[in-house]
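*Asks:* One letter stands for each residue in the lines below.
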Amino acid sequence: MALLEVKNIHKSFGAGEVLKGIDLTVEKGDVVSILGASGSGKTTLLRCINFLEKADEGQLLFNGKDYHLLGISKADISAIRRNTGFVFQNYCLFANKTVLQNVTLGLTSARHVPAAEAREKAMDVLTKVGMQDHVDKYPSQLSGGQQQRVAIARALATDPSIIYFDEPTSALDPQLTAEVLEVMRKLADEGMTMIVVTHEIGFAREVSSKVVFMADGVIVEEGKPEEFFVNPKEEKTREFLRLTE
Amino acid sequence: MFNEATLELLISSFPKILEYGLKVTIPLAALAFVLSTVLSVFVAMIQYAQVPVARQICRFYIWIIRGTPLLVQLMVAFYGLPLLGIHSNPFVMAVIVFTINEGAYSAETVRAAMEAVPAGQLEAGYCVGMNYMQIMWHIILPQAFRTAFPSLFNALISMVKDTSLASSITVVEMFTRTKQIAGQSYNYLPLYIEVAIVYLLFCTVLTYVQKRGELSLASYGVRK
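First to last, the sequence lines map onto chains A and B.
Following the working numbering, the residues of the first sequence are numbered contiguously, the last one being 253.
Following the working numbering, the residues of the second sequence are numbered contiguously, the last one being 242.
Next comes chain B alone, as it looks inside the complex (with noise of 0.2 Å):
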């Protein structure tokens, strides 16, 4: 299996799949990384804050979204939406459905690590003056993230595997690029291994930036 042929396929597939990887899988898991962490942090203050009516809304979402699949999810937008008259392109409507369904698992993250934040920082902020956003953007959400990162990026890293499944919808990614190559040259194994090992090349990169992201947020003086 592993011929000269072989070798030189994997050589000249290189460079395609790694062009879908950065041009599309990349780009998706990005988007819909940051984006699902704004929502999640809306979602989180929402229950934090004990906002009634909009509290009950943000457990039904993060129910329903953490209860039925995302392959699931991506169908049901892919042929629900157009039926709503909302018509888009498959890249847009993928980023979408990871930023919804992420939004939904990081939510419950950032909940809980500004749950984490000790009381008195709350009070404290009360006591010279601010108002209550006034304390969650200087005091509560900086706090909350430096506990909720190492949760996010893991999030980010299985983000990045995940967008495969964008393959449902027509998207192009890297994982349906390689399906192409192979598909042409009926040299299926090779090239999914070559693949995982680019997917494993993304996330190592990633491994490597949270852990000087960790480093540049840790600790407020305790260890440096």
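Here chain A stands alone, though its shape is the one from the complex (with noise of 0.2 Å):
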């Protein structure tokens, strides 16, 4: 049985309609990449998933459990995060805490782990992202892949099924993408489910089981990396991988 299956998201802003009904199956250990251009939907799409968006409509079967997207209780809308990791464009990381309370904080605060065991966690985790030496200082003092290492730490911290990558390495430059993206195919390798939204064709073509590619709120083509970059079916995706070579 998939770990996530989404069903007929739908969900618009104003009147402008950014999901127009997506249907995504995700198995575990996969990998998947979400490709389209700027304003697909694709990241309103993983908003919705984690309820930072509230979806107009749709089914969310995790773990399991099916959920209905709209009038879902504060309870589920928990338990399902917590299950879940996310990491931001723009890192997010908590700037009032060290590097290693941003990553501790999860658990001993919403989990109630005791301190030393998140912290003996929060540095197993910070070792396999290569920020084991970082761990007393404060966001502002760290370099853009630096925090997003730090923020992918967080996310793993919580033991999560699954985490959920908004555009990882938009906001860093070429030396600083490669190190986060380092990271992230070093978890793929470990067997990490992870839905990664993203703009970097050679990760999706590497390291994804599955790319996903979106246009205008739906879903146009998917696929395994191996067909769909080199015998793509739908023109817009022909056009979309032409503008990207």
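A portion of the hints provided could be inaccurate.
Said to hold, decoys possible - Cut-off 27 Å, straight-line C-alpha distance, at most; resulting in silico cross-link-like pairs (DSSO-like, lysine-lysine):
(1) A/Lys36 with A/Lys232
(2) B/Lys229 with B/Lys41
(3) A/Lys73 with A/Lys62
(4) B/Lys229 with A/Lys105
(5) A/Lys15 with A/Lys241
(6) B/Lys229 with A/Lys145
Said to hold, decoys possible - If we take Cβ atoms under 7 Å as the criterion, some of the chain A residues that face chain B in the derived model are:
(7) Leu60
(8) Arg89
(9) Arg90
(10) Phe94
(11) Gln97
(12) Cys100
(13) Phe102
(14) Ala103
(15) Gly114
(16) Ser117
(17) Ala118
(18) Tyr146
Don't read these hints as lab results, they were simulated from the structure.
Note that CB positions come from ideal geometry on N, CA and C, so glycine has one too.
Starting from two chains that each stand alone, build the complex the way the hints lay out.
*Replies:* Printed below as a string of structure tokens:
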């Protein structure tokens, strides 16, 4: 059974319909890359799945349970979020907390994990992203790439079943992008389930198990990267790939 | 006017004035400041979270308090509370009025500071599994406090001087005590200048404390 399945998500902002009925299935261990031009709705899709935006319609199947996106209870939202991680485009590290506190807070505060245990877990994941030597720094003292790696560690710390990445490298220069993608590649190799909204065609091609292309609020085409990139079926996809070459 | 007798009066009155400053003016301002800050955080949070009904009540409270003079509020409390069966000493009454008055102004300061915290901080809190109150406590309020700190301290400095209005409801604070001494000696101006200097002294100390406070709160590593 799929780890996560969304059905028929609709979302409008005012008069503009941003998502026009999206269906998406993610198996355990999948790395799904969502491609598409700005304004195609890919970020909104991710935000709706984690309830940062309220969808107007749609269903979510997660860890074997069925939820209606509209009218879902606070308790259900919080239960789902406890099993997911989210990495933002602009990192959104807690500005008043050190690197270590950024990672432990979700454990000590939200899950009542004892401080020592949380610290151990935090050092584990910070080592995994190569940030173990910066634990006492504040976010403002780090480069963008370092902040994003801490954000990934923060998402990892709570052992989520899936991590959502919302354009994780869009705010970074090529060198910092490479260091963040390196970490994400490592996670993918370890079998972490991820949905990645990205403009990094290279990452989508080499790392993902499935590529989804969105335009104007609908999924135009999806498939395995080797088919998607080599033999795209839709004209819109071919045009998009030509532009990004 | 400034003869030897005046000088003697100034010297002999100084400890008496200072005594009431330390015994009444500072405790009144400090108590009202701490209580009003707590009150303002509650009022600001209700508005920030857009709690229905409670939010309208908060707006009403702020409207009433900011729209009427502090002196009038003191008088209304002084003559009005006993009618409601609430009898308390003037000092306590003054603390209550100053708290409610300052709470309304500081609530706006704190609300603005909370709204200045980027929305991503709240979203990131949700995404690591924290609930609303946990995010407020660990993330939003600490960051807002840093922004609000200079304005809140401004309010405290204002309040130290405004406590002189408490004399109107029979609280014998530093200014009232000065008036008494001046009345006994018929030598007003030198004593009023003297008390002005003591207020200035208090506020100078507070300005220094504010500077130290800002440095120690500073910037989460931005500049140290």
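*Asks:* Are the hints correct? Go through all of them and say.
*Replies:* The hints, checked one at a time:
Using a Cα cut-off of 27 Å, the hinted pair A/Lys36 and A/Lys232 holds, with the two alpha carbons roughly 15 Å apart. This hinted pair checks out: B/Lys229 and B/Lys41 have alpha carbons roughly 25 Å apart, not beyond 27 Å. Our distance criterion of 27 Å between C-alpha atoms is met by A/Lys73 and A/Lys62, whose separation comes to about 19 Å. Annotation: proposed proximity of B/Lys229 to A/Lys105 holds, straight-line Cα distance about 22 Å (limit 27 Å).
Note on A/Lys15 and A/Lys241: the hinted pairing holds, with a Cα-Cα distance of about 23 Å set against a maximum of 27 Å. For the given pair, B/Lys229 sits about 24 Å from A/Lys145 by alpha-carbon distance, which is consistent with the 27 Å threshold. With a least beta-carbon distance of about 5 Å to chain B, the hint placing A/Leu60 at the interface is held under the 7 Å criterion. Given hint, A/Arg89 at the interface with chain B, holds; its Cβ is 6 Å from that chain's nearest Cβ, closer than 7 Å.
A distance limit of 7 Å between C-beta atoms decides the matter here; for A/Arg90 the minimum to chain B is near 5 Å, and the interface restraint holds. For A/Phe94, the shortest C-beta to C-beta distance to chain B is roughly 4 Å, which falls under 7 Å, so the interface hint holds. Look at A/Gln97: its Cβ only gets to about 9 Å from chain B, farther than 7 Å, so that hint breaks. For the restraint placing A/Cys100 at the interface with chain B, the shortest Cβ-Cβ distance is roughly 4 Å, inside the 7 Å limit, so the hint holds.
The beta carbon of A/Phe102 is positioned within 7 Å of a beta carbon in chain B (closest approach about 5 Å), and the interface hint is therefore held. With a cut of 7 Å, the hint placing A/Ala103 at the interface with chain B holds, because the nearest CB-to-CB distance is about 6 Å. This hint holds: A/Gly114 has a C-beta 3 Å from the nearest C-beta of chain B, less than the 7 Å allowed. Given hint, A/Ser117 at the interface with chain B, holds; its Cβ is 5 Å from that chain's nearest Cβ, closer than 7 Å.
Against a cut-off of 7 Å between C-beta atoms, the interface hint on A/Ala118 holds, since the closest Cβ of chain B lies about 4 Å away. Evaluation of the A/Tyr146 hint against chain B yields a held restraint, the C-beta minimum of about 3 Å falling below 7 Å.
The earlier numbered hint that this structure contradicts is number 11, and it is the only one.
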